[in-house]
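The listed protein sequences correspond, in order, to chains P and G. Residue numbering for the first sequence follows my numbering, beginning at 156 and increasing consecutively. Residue numbering for the second sequence follows my numbering, beginning at 14 and increasing consecutively.
Worth flagging that the hints you see were computed from the coordinates, not collected in a lab. Glycine included, every Cβ here is placed at the ideal spot set by N, Cα and C. Take every hint as true, because none was put in to throw you off.
Heads up, simulated DSS-like pairs for lysine-lysine below, C-alpha to C-alpha not over 25 Å straight-line:
(1) G:K271 <-> G:K282
(2) G:K253 <-> G:K280
(3) G:K150 <-> G:K56
(4) G:K179 <-> G:K208
(5) G:K56 <-> G:K31
(6) G:K31 <-> G:K103
(7) G:K208 <-> P:K167
(8) G:K46 <-> G:K31
(9) G:K208 <-> P:K190
(10) G:K46 <-> G:K97
(11) P:K283 <-> G:K208
(12) G:K208 <-> P:K165
Listing some non-contacts, in silico: residues in chain G with all C-beta distances to chain P over 12 Å:
(13) M32
(14) T33
(15) G49
(16) N156
(17) V157
(18) E174
(19) F182
(20) E235
(21) I287
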Amino acid sequence: MRSLQSVLEKHKFFEGMETSYLELITGCASNVRFKTGELIFREGEIANHFYIIRQGEVALEIPVPGRGSITTQTLGEADVLGWSWLYPPYRWFLNARALESVRAIALDGECLRTKCDEDPRLGYELMKRFSYIVMQRLQATRLQILDIYGNRVNEGHEE
Amino acid sequence: MKNKVINPLLPDLYRIKKMTRETYDTFTMKLYKVNGEMPPSFKAGQFNMLYVFGAGEIPISISSDPHKSKTLLHTTRAVGTVSKAMGKLKRGDQLGVRGPFGNPWPLDESHGSDILIVAGGIGLAPLRSAIYEILSKRQNYGNVVLLYGTRGPEDIIYSNEIEKWKSEFDVHVTVDHTIGNWNGHVGVVTTLIPKATFDPLNTTAMICGPEIMMRYSALELENLGVRAEKIFVSMERNMKCAIGFCGRCQFGPNFICKDGPVLPYSKIKALLGIWEI
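Next up, chain P with everything else stripped away, as it sits in the complex (with noise of 0.2 Å):
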């Protein structure tokens, strides 16, 4: 548990959390490998966990009938994967496949949620942490959606 705890502290992630909560925390928390192309979890499925990824890749994919399985993001070593534990229905709204050998520290999202009803401080915080990478990944989708490397006829300067 100590190990797990050490890890912990060092992800930014967790940065300059205090070390109470981070006990609590690693108390719901263990480690977990997955397979090349192993699923870590499926779209619609109740989403128990979220993952510290220690090592591999990881894509995030959404399968589209008659297109195949259209992956949207890729996360890597010390990306955080996973956020509808935390928000009802806690489901997951897309696939996680493991794109090679993948070391993982997982936190049970059950056990996390009972500890932040006990202590909302606790919950504010992972809350704050969580709405900060949701952000990220936010600006990051908009960025895709306007398809920047689009056809576009300007002949003043073409690389």
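Using the hints, position chain G against chain P.
Frame of chain P; chain G shown alone:
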């Protein structure tokens, strides 16, 4: 002895030595001077005006090694009338070339710094000359990182070279969208910036790509602590004369052809969000 007067508005005649297809819409021309002379020397980041006879003239950045000056390389994406006509040219065809013009990347001024290169789409072309220059004087720079983003895997240019570069410095490639067999990174290029290894207080960042990508990359870099004066972007605007006479490329108080195309972000930051300019 009479001095030769060079008229910057008069193109020299060049011939295509080789035409390489980079992607479905992007090609690289290798050019040599028809009269047998060496092309004028250039600095990484500068551009030439390329004249396709019967179609028109457009500015295209030079993407060759500044130290290998027998020929010129120009990578172009066929998107408009002139570039589409250019894409139809073949080995042996002729075109007019004026240049080089504009401000280069600040490579001499960046000795001792980490170098972060952020390229989007065909924006890698003007940065390739800078990469050649950096690699030829590798000991002069700290950590060198290239972050390259494209729309999809089929839009990646210089793929063979990128693979070679991976053994020489830190290279990360990402695509915005993909279906199928791509096992690399997916996401906009700005998402790679916080993960790159560089010292924000001692880094020169060089960015080239769509303007909105450059804006958000610069913002991300500033958030990480890189000073705006150390962030350089390569701007594009309608250029005609390329020597600051005609005013077509005016961007606020700057003429992109003469004061740019490479400009410090600190100089144009306030103008970048104004779409009317």
